[in-house]
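S.K.: Protein sequences appear in the order of chains A and B. Residue numbers for the first sequence follow our numbering, beginning at 171 and rising by one. Residue numbers for the second sequence follow our numbering, beginning at 171 and rising by one.
For the record, the hints were derived by calculation from the structure and aren't laboratory data. Since this is a predicted model, take the numbers as computed values, not measurements. Careful: at least some of the hints might be erroneous.
In this list, chains with the same sequence are indistinguishable; a pair is considered to hold if it fits within one copy or across any two.
Claimed, not checked - Straight-line alpha carbon distances no greater than 20 Å define the calculated SDA-like cross-link-like pairs of lysine to any residue that follow:
id	residue 1	residue 2
1	Lys493	Glu240
2	Lys695	Thr680
3	Lys443	Gly776
4	Lys695	His706
5	Lys695	Ala380
6	Lys675	His706
Number of protein chains: 2
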Amino acid sequence: MSHTTIPAAGPADITHDSELGSVAQLAAQLRVDSIRCSTSAGSGHPSSSMSAADLLAVLVARHLHYDWDEPDNPANDHLIFSKGHASPLLYSIFKAAGVVSDEELVKGYRRFGERLEGHPTPELPWVDVATGSLGQGLPDGVGIALAGKYLDALDYRTWVLCGDSEFAEGSIWEALDKAGHYHLDNLVVILDVNRLGQRGETELGWDVDAYAARAESFGARAITIDGHDLTAIDEALGQARSAHDGRPVVIVAKTVKGAGYSAIADQPGWHGKALPTEMAEQAIAELGGVRDLRVRGPRPAAGEPHTEAAQDAAAPHWELGTKVATRRAYGDALAALSRRDPLVVALDAEVSNSTYAEQIEQVHPERFFEMYIAEQQLVGAATGLAVRGYKPYASTFAAFFTRAFDFIRMGAISHADLRLVGSHAGVEIGADGPSQMALEDLAMMRSVHASTVLYPSDASSTAALVQEMSTQPGISYLRTTRGAYPVLYGPAEQFPIGGSKVVSKHDDDTVTLVGAGVTLHESLKAAELLASEGIHARVLDMYSIKPLDVEGLRTALGATAGRLVVAEDHHREGGLGEAVIAALAGSAPLRLRHLAVEGMPGSGTGPELLAWAGIDAEHIAQAARELLSPQ
Amino acid sequence: MSHTTIPAAGPADITHDSELGSVAQLAAQLRVDSIRCSTSAGSGHPSSSMSAADLLAVLVARHLHYDWDEPDNPANDHLIFSKGHASPLLYSIFKAAGVVSDEELVKGYRRFGERLEGHPTPELPWVDVATGSLGQGLPDGVGIALAGKYLDALDYRTWVLCGDSEFAEGSIWEALDKAGHYHLDNLVVILDVNRLGQRGETELGWDVDAYAARAESFGARAITIDGHDLTAIDEALGQARSAHDGRPVVIVAKTVKGAGYSAIADQPGWHGKALPTEMAEQAIAELGGVRDLRVRGPRPAAGEPHTEAAQDAAAPHWELGTKVATRRAYGDALAALSRRDPLVVALDAEVSNSTYAEQIEQVHPERFFEMYIAEQQLVGAATGLAVRGYKPYASTFAAFFTRAFDFIRMGAISHADLRLVGSHAGVEIGADGPSQMALEDLAMMRSVHASTVLYPSDASSTAALVQEMSTQPGISYLRTTRGAYPVLYGPAEQFPIGGSKVVSKHDDDTVTLVGAGVTLHESLKAAELLASEGIHARVLDMYSIKPLDVEGLRTALGATAGRLVVAEDHHREGGLGEAVIAALAGSAPLRLRHLAVEGMPGSGTGPELLAWAGIDAEHIAQAARELLSPQ
């Protein structure tokens, strides 16, 4: 299948000033094409596409300001299918816009190696973000709208098509809450209330007033319409387009699932099912047959995003041996970076005085977005900002990024470059107890596609890695520590992603101690304990957990007869230890002790809990002694 | 510190018919004790406790029906501090109730080895669920209220104290949505609107009307009061107690953070800070000094939960070789189990026709709870049902459990026995694309404290493991597959947790192939391919990924010269492969190939995608050949 984008050729059949009668023809074509591609694929969601076909036909013909030949035009409106399963409709629009061929639509949909996937992804140039996990397109759209209003200062609109079932997701309400709070009158939600979910009636059925009341209570302007009345749709979209009252618009459209084909309209049992060939033929006949209309809606006004000039700002540096928390170094480094790089923005979940993200707020308040305690929206907004070319750094307690795991996973599918920074890692945090202790975050972040996982031990390496992250593609994660520990490195030291550092080394080392974050400091103390007993240990700072410096590890183990103690302030599964062990598997013989948090911690001081967990200097030293004692 | 619960001795100073003047004295004591314990600990959240002291004093004295000597009394009301950081207030209530000594309160709070942790956990017999990750106590409370109304049929109330900051969490709105949908008039939310969050004013400040409007729009009855007016509080709690109109009650209480001590009242900068000793002394003086009042509120009416009789129901069984999807076997097995075990309940996130949880709905609709598309609430409700002694099985697509990771993590801290079942694992699902493919779930679930992770390959083992899970403590997770594969085992075969099965074995095996789920079937096919070339492979079904059968693995590897191919339909990090490699690290030498999903999948058929990912039979066979070829 050719994936070449088709240049717009010849005059369009339908333009922004066409009569609604022509738009009705377009809507019929979108329904027919939704049926054709899904029946050809043997799967997909035609009925969920048909309910929204009238809404989208009017939008694309008359209200979406979009240059189909230049999807990167910064002045383009943005169109997100938060109900990503309605991909047949979206792809049928692409065909109607003339950028995807009918052949690709019908023969490529849902096929191996093709870009018209079951749910939209940015493999397609007209798709901003991957959807398909419900309740994510809208939070992402809030991020784009934030960029439009507060950074780009461009008048584009962000249009988000939502399904009614996904309005049960809390993330939708996080998004509407932020849309209201930030007065995003450049954001329009089109809610397709087709009443039927995957397994029967949705919670609220056709109670459009309930949806409207909820949206209004969250600060939006709700407009309730019949989602098959083209005039009403046109009027509502026009109102939304011209809205400037500081409120996002939610168009609550009462629709019929499967609308356009009487045999399935408003019938249960047709969610996520392609029509059998014979029914598809009947449906196409009922819809007036196959059409090949071209639509070109309004073009965007010319415009370039506002850009700020870069300023000089030295990276922070610290005296060797000074005690500095890596979370504080993150804040300092980010503030400095934000002066040098105008694309750097920061997002917080109401803990910036703990993560030290507040440092950037003091320098560049206009590039600091407070998401309050809403971690899904934190990552969703970061994704939307990344769509607009910004470099978001989103920070909260490391433990609370678990709240946003699905958004992080989907961010990877969206090819979004997200920089996530989690503070308060592990039992080291002490008295607050296990609810605040990240002990699963490394496993979570390592498992994400093409992710980068960093865990610096001192301020200098933290600052260097904050800089490295700014050009790193994909999802990168930096884990910071609550307590203050000595600065180990000078300001000129380099910390390439994928590297490691030998921080203690002798010619007669007999065991390698691997740590990161607080356990590196414990490993250094363990090396001192061992040295006092005449045992020399090599200590490795494994600041880059993914990718991992396998060569550096092998060299150290080669010098120490394969003896290795790896200690981590994290559960045993999926973290630093397993990363190291997996990287070495099958190579030279290994004599190993893997120290990790096994029990359920309670409160206490950091040192008490590190000792309790068996990951402090004394336990590391003891593990080394055991490896060295005759078997 | 002695953790012995103190028996209620002597007459209480304050009872349910005491004047509100005495209750005011109790409120002052709660404030003083909140200050004393946090100042003694040097950390904690006194100001967040003081804002809610009046609300809780009236509740505990006059409206909470609770037998402090018998926290397991099934007729007890439930009290959840969703704002878990107000633990000083909660523990001060425990002291006032006479079940925790003043010494433990002041000297034990936030100390190592003590049960009065920084945030409440069920280490304390009066605490149902761990809180401290905001926005979780209310979803958990919805689960308890569901149990009370629909299963126990007891008239207890569930009272949940929420902070205003946490109302930005989407999970709160998932909870209120379900509370409205299920007409939980036995649920009372006390919203402490103290205006100040961790880093300044909350999003809505003191706009109590906005909170009330949102709550009403989600189906609750909102009662707005001054949270320091004891008469108003008493009236509102009384109304909530006697509510029977099918609506949950949300008491929106306007309060002052730090109320009771003029130096910090309504002042920013006092979140999460213990008062320095001198200020604490001033505060205690301003509050009238230290008191030692005992409170005993109303006792619960006697009552036992409704229980159903167990019925005979044979476990389902299947003919060897029949093709059955493990997701379907899960549904069948759960339906049968629910007849035998009246405590078994099921929860769905609007995909029960895909996960086959709908099977139990057909048998026991009263024990099936539809959470719609709200995965956080899915797990939160399961946690609440587990608090009441039920055995929840919560299922959705495996990928979407990432949405609930924080709830799963907190469930482990709550000591909740949760059974989670995730379907549609890996690239095997085919055309729907990566948004629907769980490729991180094994890493996520393995990283959870004391979790159990199961991944059966056929219907028989699935049914056996569904049964095993019913008595398994902690968080257990079962991964099911979309497609149908041959039944490998007879109905009498046992599948203990922590075991494995040798499914193909010869005396002259030279390589071990390890798989689970779809990759076990691919490994079996690979073994056939290899056999046709004269190479004998041992095939291991690693159905229990955590705990892992290390002995079984070692035996197989001992017989095959340490040659191992492990294939998994999951990302490389944190799944089956790393579990196997970590378990074997440091033991006999290993010659290893670890096949896992590396790239970003698109759509396609299952077989196409398994081949693309390099985890199908041909790739497994090729990896084995490479291990066997001379180096």
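S.K.: Determine for every hint whether it applies to the structure shown.
M.R.: Cross-check of the supplied hints:
Taking the shortest alpha-carbon separations for lysine 493 and glutamate 240, neither the intra-copy value of 52 Å nor the inter-copy value of 49 Å comes in at or below 20 Å. When the C-alpha separation of lysine 695 and threonine 680 is checked against a cutoff of 20 Å, the pair qualifies only within one copy, where the shortest distance is 16 Å, while the shortest distance between copies is 46 Å. In this assembly of identical chains, lysine 443 and glycine 776 lie within 20 Å of each other by CA distance solely across copies; the values are 18 Å between and 55 Å within a copy. Within a single copy, lysine 695 and histidine 706 get their C-alpha atoms as close as 12 Å, which meets the 20 Å cut-off; across copies the closest is 50 Å, which misses it.
Within a single copy, lysine 695 and alanine 380 get their C-alpha atoms no closer than 62 Å, and across copies no closer than 54 Å, so neither meets the 20 Å cut-off. In this homomeric assembly, lysine 675 and histidine 706 come within 20 Å of each other (Cα to Cα) only inside a single copy, at 8 Å, whereas the closest approach across copies is 47 Å.
Comparing the model with each numbered hint stated earlier shows that hints 1 and 5 do not hold.
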